[in-house]
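There are 2 protein chains.
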Amino acid sequence: MFEPNTGELQEKLEKKRRLIRVAMGQERADLVLKNATYVNVFSNALCHADIAVAEGLIAGMGRYSGTTEVDCSGKIVLPGFLDAHIHLESSLVSPAEFVKAVLPHGTTTVITDPHEIANVMGTEGVDYMLQATEGLPVDVRFMLPSCVPATPLDEAGAELDYRSLERFYAHPRVQGLAEMMNFVGVVNGDAGCLEKILSAQSFHKKIDGHAPDLPINTLNAYMSAGVYSDHECHDLDDAIAKLERGQFIMIRDGTAARNLEALMPLLTTQYADRCMFCTDDKHPSDLLEKGHIDHIVRKAIRLGADPIIAVKAACHTAARYFLLNNRGGVAPGYLADFVIIDNFRDFNIEQVYKEGRLMAENGVMADFPAPEIAPALHRRARETFHLPTLSAADFETSASRSIIGMVDGEITTVDAGRAERADPDSDILKIAVVERHKNTGHIGVGYLRGYGLRSGAVATSVSHDSHNIIVVGASDADCAAAVNRVAELGGGIVVWDGGRSVAEVPLPIAGIMSDAPLATVNETLEAAKAEAHRLGVGRGIDPFMTLSFMALPVIPTLRITTRGVFDVTTQRYT
Amino acid sequence: MFEPNTGELQEKLEKKRRLIRVAMGQERADLVLKNATYVNVFSNALCHADIAVAEGLIAGMGRYSGTTEVDCSGKIVLPGFLDAHIHLESSLVSPAEFVKAVLPHGTTTVITDPHEIANVMGTEGVDYMLQATEGLPVDVRFMLPSCVPATPLDEAGAELDYRSLERFYAHPRVQGLAEMMNFVGVVNGDAGCLEKILSAQSFHKKIDGHAPDLPINTLNAYMSAGVYSDHECHDLDDAIAKLERGQFIMIRDGTAARNLEALMPLLTTQYADRCMFCTDDKHPSDLLEKGHIDHIVRKAIRLGADPIIAVKAACHTAARYFLLNNRGGVAPGYLADFVIIDNFRDFNIEQVYKEGRLMAENGVMADFPAPEIAPALHRRARETFHLPTLSAADFETSASRSIIGMVDGEITTVDAGRAERADPDSDILKIAVVERHKNTGHIGVGYLRGYGLRSGAVATSVSHDSHNIIVVGASDADCAAAVNRVAELGGGIVVWDGGRSVAEVPLPIAGIMSDAPLATVNETLEAAKAEAHRLGVGRGIDPFMTLSFMALPVIPTLRITTRGVFDVTTQRYT
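Chains A and B, in that order, are what the protein sequence lines are.
The opening position of the first sequence corresponds to residue 12 in the numbering used here, with each subsequent residue numbered one higher.
The opening position of the second sequence corresponds to residue 12 in the numbering used here, with each subsequent residue numbered one higher.
Watch out, some of these pointers could steer you wrong.
Which copy? The list can't say, so a pair holds if one copy fits it or any two copies do.
Claimed, not checked - Straight-line C-alpha distance at most 25 Å; calculated SDA-like pairs for lysine to any residue:
(1) Lys-23 to Tyr-180
(2) Lys-216 to Arg-32
(3) Lys-449 to Ala-488
(4) Lys-86 to Ser-213
(5) Lys-86 to Asn-337
(6) Lys-301 to Gly-510
(7) Lys-45 to Pro-517
(8) Lys-216 to Arg-178
(9) Lys-26 to Pro-517
(10) Lys-26 to Leu-271
(11) Lys-216 to His-182
(12) Lys-23 to Val-185
(13) Lys-301 to Ala-267
(14) Lys-26 to Thr-568
For the record, the hints were derived by calculation from the structure and aren't laboratory data.
Only a predicted model underlies this, so the values are computations on that prediction, with no experimental measurement involved.
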C-alpha cells in the first residue's frame, strides 16, 4: 500500500512512464547494448537484439538508440549471476570489500546467511549486516540464521528463537530462513526448530535445508516439515532423491566443499530447472585466484555442460526460487544486471553492469559509496570480546586430558590417547577454546597431535560456529599470550613466538571480519600462514582453517569445546 | 506472525509433528496410495512408490501403511489440475455448482477473475465470490478485476480504481491483478492503469496480461510496465515473442477461444516450463460434454505432446507462477491433491482427491457443505436490477438508426445501413441495451440484421462486460415485455413470444449466475435456445452468446451501447 502524502506513488508512476516511453521508442534509452547476442533463459536459446535500459531496468529488446551505446558485436550478454547460499563473513572482509571482490566476476546478487556474525552478536549481527549491505552494487539478500547456537554444546554470543527472528521478515531484503542444519531436531519434532519453520512459512518465506545423506523416510520427514532446498549434496543419488521430492538443489562449489563434478549430470534438461549454484564459503585466496559464480559456470562448461543450462543455473533458477522475480533473465522490466563475456570457452568477463551502471570492466571496479552503519552498531561490532587477561595458569591441567589426533587432509579427527602436558618434541600440543562472549571464564583444555607446531602458539577468533578463541600452543604461557593478543586486537588470527606476535591478521568486525580490502587481508593471511609453517605446522595443513573447525562439535571424533574435549561419536566429554 | 493466545502456533506445531511422525513411518498415514506410478514434475519422469498422506498433506513417498489404503497398481497418479485463468461466472452457475462440475474432471485449483460480477456489484461482487468459494473442495483463488468498467463507454455497476482493490491483497486467496485488458492505457502511461499495476507490485502480487498481437516495441512497453503472463496468444509467433520476453504463456482452450492446436509447439522441452493451461470462459454444455483442464491435457496428448509435459502444464507451471508453492507436484509437504487416471491414452479420470479426501469417483461427487454468505451480501447479489418498468414507447425511435449487420459464424459485425423501424420480414429487428444498474433510464436503440427472429423478443442480462439488459425483438412491445421479464426474474435469459415468456433461464445471482446445478441450467438453456431457433434465429447462431457480445464496444464494427449504436472503427456514435 502506498503511504499517503509521501509522493511515493507519484514517483514510481513517473519512473514507470519513462520506462514505457523508452520501450515504445518515444524517448532515448539511458543505455543500449547494441547488437547484443544474449542468453535467453526463457526460450533456452541465444537471441540477437539491442537491449535498451532506462531507470536501471530493461525497457526492451529490439532496435533502440540511447544516450550511451555499447557495441556488443562478437560478445555474449548474460544476466547477472546469483550466489544462492554464502556466509559472507567467510571471506574475512566487510560486505563492501566482498562486493568489490565478487562483482568483477559477474555476481550481482548474493543470498547470505549471517550465521557467523549472529553467533557473535545475535540479532544485532543481522542488523549490522543489513546496514553494511544497504545500497551496495551487489544486491545482498538475507536468509535468517536458523541455528544459533549451532548445537546445545556451543557457548555462542546469542541464542535466537523464532520470536527474535520474526521482526526481520518485514525487511525487503530478507528472503527466508537459512539452512536448517539441525535436521535431527526437525525430524524429532523439536519445538524450537519447528517454530522457526512455521514462523517463516507464515510470512511466505523460503526455508533452506542442510542435510546430507538422510535415509528416505527421514528425508521425507525433513522435507514435509517445510524445507525447500539443499546445498549439501556431494553425490548424485542423494541429489536426485532430494530433487525428485521437490527440493531445489544448490550445486555447491566453494572453498571447503566442491560438489560440481559429482553433480554434473544434474546440468541436463531433465533436472537443470531445479538447480542453481552456490559457494557456501569462499576464502580470500580462493576468491582472488579462481573467482566466484563465474568460476563454477566456466568449470561446468569445461566439464561438458550446455552453456545455456550452466548460465541459467547461475542466474535464473536462484532468482525464481528466492522469488526475486525482477532478475535472472533479459526481459522488459527486469533489473539491468548484465555480464558481458568474450565467449563461452574462455568465459572472460569484460564488463559487469548493475542496474544499468557499468560497475566493473576487465576486473577493475568503479567506485561506490560505502553504506552508513549506525554509530552504536559500529561500536557494538568492535567490542565483542569479553574475557579476562589470561595467564599460563589458566591453561594448566591437573590431570591427564584427551589427545585429539589430526588426520592428514581431512577435518575429521581421531582419539589419540591422553596426555598430561604439551610436548612439542613428541608432537603433543596444548589446545584450548576460550569463551570470549560473556566473560564466563570457561576455558576447555586438551591436547592435539599432528599439527606440527614446534614453538609458540597460534590463536584465532574464527572458530566455527561460536567464534570463541581457539588456541594451539607449545606451552601454556604461549597459549595465554596468543589469546590475549587476539582479544587485544578485538579479534583476528595471531601467530605468537619468542614472546611476541610474529604475524597477525586483525579481524576487528565481530572478531571475524577485517575492514581492509580483500587483497590486503589475503597478503597478511598468507604471511601468517608462512610464519605458522616456519614454526613447524605441517605443509599439508591450512594452519587456521583446520583450527577453525576444531571446536565444531558435530564432526567426528574428538572436538575441543569451552568445557573440554568432547567425543562426537559417544556424545560425551572425555 | 502468530497471534498470541490464539493457540494458532501450537495447533500448527501439532499438525506438523504428526505429519513428520507419519513421514518417519512412526505412525500410520491417513491415506496411502499403494504401488503408485506417479508423474514426477521435478525429475520429469514416472516414479513408483507408496504415497503417504496425513493432515491433508503428502507425508512422503516410499513404503508406507495407512488407515485407508488404495491400491493404485496399473493406474497413474497425477497432481491435481489448475485452471490458470477463468471467469467462473461464465459457467452461469454458482461457485459451489461450478466446483461440482469441474472437480470430477481433476481440477483442484482455479484462478478466477470475478470481472463479470464486479461489473455488476463492484467490490461487493468480489466479496461475494470470496465468501461463496470459502472452504470449497476446489481451491478458488482470485485475481482482482483490473478493468471495471471495461471501457469508458460502458455503463457498469461500478468503477474500480487501485484504492478500491487494495484491501483485497491481504486476503489469503488473492494472488494478484487480473488480465490488464486496457493495454492501450498501459502503453500510453494512463495513471489509472499504472496505479493498479504499481499497487499490485507493492504487494508482491502477480499481474496477468491480455494483449494479442502487439508490435514489438509496444509489447516491450506493456511488459516493462509489469505484466507477467498472457492468455490471448492465438498464434505461435505471438506466443514466442511474449515467452522469450519473459511472460508466462497460458495456453487457452475454452468455449469461446481454442488456441491449443496453434500453440502445440510450445509443449516441448524448450518452452514448456513457461506454459500452463487455462479455459478463460467455459459454458455449461461445454463443461458437461468435454470437461475442463483434463480435456486440454487429453487433447494435447492426442495431438502429440509428451504426457509428462502436458501434465506439468496442467498443474506445475501455474502453481509456480501464482506462488502456490504447496501444490502442482507430488512432494512431501504438498497438498494431497491427486487425480488418478487409467492411462495416458484414454485419460479416464477414476478418482480425484482434494487434501487427502476422495471427492469424486468415476464422475460422481462427494457431498460437501455449502459456503455461508453473509445475509446482507446474499440479498445484495439478488437485488441488482434498478430500472423502471418499460413500455413500447421506450424503444421507439423518432429518426433512423444504424443497422448492425451480423456476420455468419463470427462475433464481428458490419455496418448494414440504417432503418426507421423493425421489419422482421426484411430481417430487420430492433436491438437495444437497457441500463439496469443505476436507474439512469439510459436505453440505446438500433437495428440488427442477420439474427433471423420472426416474432417476439430475446433478452438477456448476460451482456459483456457491463451486463446491462440486451434485447432483440420483432416489435417495441415485445422488447419492453422481454426486458421487464428479465428484471422481474432478477436477471436471466428470456425468450418472449405471443405475450408470454416461452422459455427462460433465471440467473438471480447478480443477474449472471443461477443457483441451480449445472445440468439443470444447461437443460433450461438448451430449451430456451430451441425456442429462439423455433422463432427464427438462424441455426448457425448461438442465440444468447452472440447477443452477449453485441454490447462490447471493442469488437468491430458496430456495437449497441446504452447511448446508441457505436462504430468501433471510427470511435463514434452513429
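Hint-by-hint comparison with the structure:
no.	hint	in the structure
1	Lys-23 to Tyr-180	both (24 Å within a copy, 19 Å between copies)
2	Lys-216 to Arg-32	between (35 Å within a copy, 24 Å between copies)
3	Lys-449 to Ala-488	within (23 Å within a copy, 93 Å between copies)
4	Lys-86 to Ser-213	neither (45 Å within a copy, 36 Å between copies)
5	Lys-86 to Asn-337	within (24 Å within a copy, 41 Å between copies)
6	Lys-301 to Gly-510	neither (37 Å within a copy, 89 Å between copies)
7	Lys-45 to Pro-517	neither (47 Å within a copy, 61 Å between copies)
8	Lys-216 to Arg-178	both (13 Å within a copy, 22 Å between copies)
9	Lys-26 to Pro-517	neither (45 Å within a copy, 49 Å between copies)
10	Lys-26 to Leu-271	neither (42 Å within a copy, 37 Å between copies)
11	Lys-216 to His-182	both (12 Å within a copy, 17 Å between copies)
12	Lys-23 to Val-185	both (22 Å within a copy, 23 Å between copies)
13	Lys-301 to Ala-267	within (14 Å within a copy, 58 Å between copies)
14	Lys-26 to Thr-568	neither (59 Å within a copy, 37 Å between copies)
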